[in-house]
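In order, the protein sequence lines correspond to chains B and S. Everything in the first sequence is counted per my numbering, starting at 45 for the first residue and increasing by one. Everything in the second sequence is counted per my numbering, starting at 45 for the first residue and increasing by one.
A couple of the hints might just be wrong.
Said to hold, decoys possible - Heads up, incomplete: computed chain B residues facing chain S, CB under 8 Å, no partners named:
no., residue
1, 123
2, 248
3, 259
4, 261
5, 263
6, 290
7, 304
8, 329
9, 338
10, 342
As the list claims (entries may be wrong) - To be clear about the criterion: a stretch of chain B counts as covered by chain S if any three or more of its residues have a C-beta under 8 Å from a C-beta of chain S, and this derived list gives those stretches:
no., stretch
11, 249-255
12, 315-321
13, 352-358
Derived from the structure by calculation, the hints contain no laboratory data. Built from N, CA and C at the ideal position, the CB exists for glycine as well.
There are 2 protein chains.
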Amino acid sequence: MDSAIVGSWAPGAVPKMTAAIKLQQLLGGAPIGVVGLGLIGGSLGLDLRAQGLRVQALVHRAATAERAQERGLADAVSTDPQVLGGCGLVVLALPLDRLLDPDPALVAALPPAAVVTDVGSVKAPLLARWEPLLAGRFVAGHPMAGTAQAGVEAGERHLFEGRPWVATPSARTDPGALALVEALAGAVGARWCCCAAADHDRAVAMISHLPVLLGAALLQAAATAGGPVGGPTGDSSENSQLPALLRQLASSGFADTTRVGGGNPELGTLMARCNREELLAALNQYEGQLQGLRRLVEASDWAGLQASLSACAQERPEFL
Amino acid sequence: MDSAIVGSWAPGAVPKMTAAIKLQQLLGGAPIGVVGLGLIGGSLGLDLRAQGLRVQALVHRAATAERAQERGLADAVSTDPQVLGGCGLVVLALPLDRLLDPDPALVAALPPAAVVTDVGSVKAPLLARWEPLLAGRFVAGHPMAGTAQAGVEAGERHLFEGRPWVATPSARTDPGALALVEALAGAVGARWCCCAAADHDRAVAMISHLPVLLGAALLQAAATAGGPVGGPTGDSSENSQLPALLRQLASSGFADTTRVGGGNPELGTLMARCNREELLAALNQYEGQLQGLRRLVEASDWAGLQASLSACAQERPEFL
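Working from the sequences, and respecting the hints, build out all of it.
Laid out in structure tokens, this is it:
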């Protein structure tokens, strides 16, 4: 891919309205299709409509369509794929599993000339799935914004403000199609970032998917500590006071470290399933580091441990 | 120890003023000594003085004494251990290393009849160090409150409000001494909790000390990913884009999971040093859980992974 645009950040600085006008011009007045009106799709609909753009949405259930209309998530909402007719850009705002195994009726209903982009949190498998269907018209994307909410009630204004919107174009991606999605990201105030799909997937495995496993393992260890013997990883010395004490004394440090590990189980499982190899590679790197820290504690090398923790304290701000 | 008081919670419900009056009565009007006016000692001084109790403080440096006076952290502040003369209760609000290896002049200056308590975050070694010196007059304690601040500027009102104040009495602990420290905790609005020192140390190893290592290992893994080959745990496939990408895309999930791992290196090292065996035991339990999750991912057992993550999502609220 063009290394000149790797990691570049553009419209984050450009006013949203300018990007919206450019998007409108590139679309030649054609409406924007949004498939799925959950947190991402619903938030997109609200922001795009606020910018004066027309949004036509496809949803799975009639009840969702009705509620989406009430909330004003789109100008038109239907369970009939024909609602996408005439759209110049279609955003597939669906869960990873439905993006990897799309409804044939949806694929058939995509306008022949429309640019199609997705919002999946893993990119290489989606590029492999959709590029053969749409060639250069497909732009693999990942707006990295989220809340704990999901479903038709979750969409909110300004969700993407200042957040990264990653695109992972391939050599086949049409530059015009990429520019259209860049304008979309700019119109909702996101920070545009282009990189290779493999780099994206490796990065999110480390910073987003691995923390789920770490927090989950800590929760399981704390939940089983002092409990009855049995689980191969259970605390062998049974202690009737410890389980209650752990729950009484856990404070903000434990709460923060386990937040994503105690999050949405379906989402965590889908991410692991779709990014399995990179997640296992990140886990290997993590375990290497953890073993290094363990050896310092085992050797009572307190100067070494303090040097490692000092380096961590210095490095962390680079990630915030 | 008396199992009837294990895990019990009293003055958290009792109004602070009632506890302060009880404390005043138990002290027979004698002042309270505070050794060290950092976050814990300074906050104690402010809250106790606000309750009308007299606080006499011992600090290490003249500059600290001057600033502490300006801030009103105590009624009298001195670098001379004699300032503790006449105190009926002395709170050792010092770092773990100085509690484990106390200044002989401090030990010599402790009033012969005074109840002495500490605020160290590891209890068994402190009980072993101080009980031979003071017998039943020493009450091992751990007010579990903190901020990112430290030093003479860190003390603040209401720091202990609703937070656990753990005491770990032994068979030798005088019940009257324990009641005095319970009144102290109540006077600053803390939730009183008694347990065995070994249980406290095992619990904090899991919920407080282990999360430091986990967050630090994740930070080190993310900081070295894609970097030049070299470190035994470095990413072998060098990638010039990945380091920048990891820092651009890291968001709240990564920030929360690594918060304590990127915290105060001196404190993290002291906790590991003073609670080494329990920390290594907690790390073993954690690694057992992490290996279980790894096996589910390696086996592509997505139903099993989702079941584990669902259990974590259900268990987490018990710790908050």
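Next on the checklist: Under 8 Å is the threshold here; is the Cβ of residue 290 of chain B close enough to any Cβ of chain S for the hint to stand?
Outcome noted: holds (5 Å)
Checklist entry - Do at least three Cβ atoms from the stretch 249-255 of chain B come closer than 8 Å to Cβ atoms of chain S? => result It holds: at least three residues are needed, and the stretch 249-255 of chain B offers 5 whose Cβ sits within less than 8 Å of chain S.
Item to check | Hint validity - residue 338 of chain B Cβ closer than 8 Å to any chain S Cβ | outcome: Residue 338 of chain B check passes; min Cβ-Cβ to chain S is 6 Å, inside 8 Å.
Checklist entry - Mind checking, does the stretch 352-358 of chain B have 3 or more residues with a CB under 8 Å from chain S? => result Per the Cβ count (6), the hint holds.
Next on the checklist: Please check whether the stretch 315-321 of chain B has three or more residues whose CB lies within less than 8 Å of a CB on chain S.
Outcome noted: That given contact holds, which follows from 3 residues of the stretch 315-321 of chain B lying within Cβ reach (below 8 Å) of chain S.
Item to check | Hint check: 8 Å Cβ-Cβ cutoff, residue 123 of chain B to chain S | outcome: Since the shortest Cβ distance to chain S is 28 Å, the answer is violated.
Checklist entry - Taking the closest Cβ pair, is residue 329 of chain B under 8 Å from chain S? => result It holds, given that the least Cβ distance between residue 329 of chain B and chain S is near 4 Å, below 8 Å.
Next on the checklist: Holds or violated: the hint that residue 263 of chain B contacts chain S, with Cβ atoms closer than 8 Å.
Outcome noted: Holds - the Cβ of residue 263 of chain B comes within 8 Å of chain S, reaching about 4 Å at its closest.
Next on the checklist: Hint validation: residue 304 of chain B versus chain S, beta carbon distance must be below 8 Å. Holds or violated?
Outcome noted: holds (4 Å)
Checklist entry - Can the hint on residue 259 of chain B be confirmed by a CB-to-CB distance to chain S that is less than 8 Å? => result holds (6 Å)
Checklist entry - Minimum Cβ distance from residue 261 of chain B to chain S below 8 Å? => result Where the cut-off is 8 Å and the nearest Cβ of chain S is about 4 Å from residue 261 of chain B, the hint holds.
Item to check | Evaluation of the interface hint that places residue 342 of chain B against chain S, nearest CB under 8 Å | outcome: With a closest approach of 7 Å, the residue 342 of chain B hint holds.
Hint violations for this structure: number 1 only, all remaining hints satisfied.
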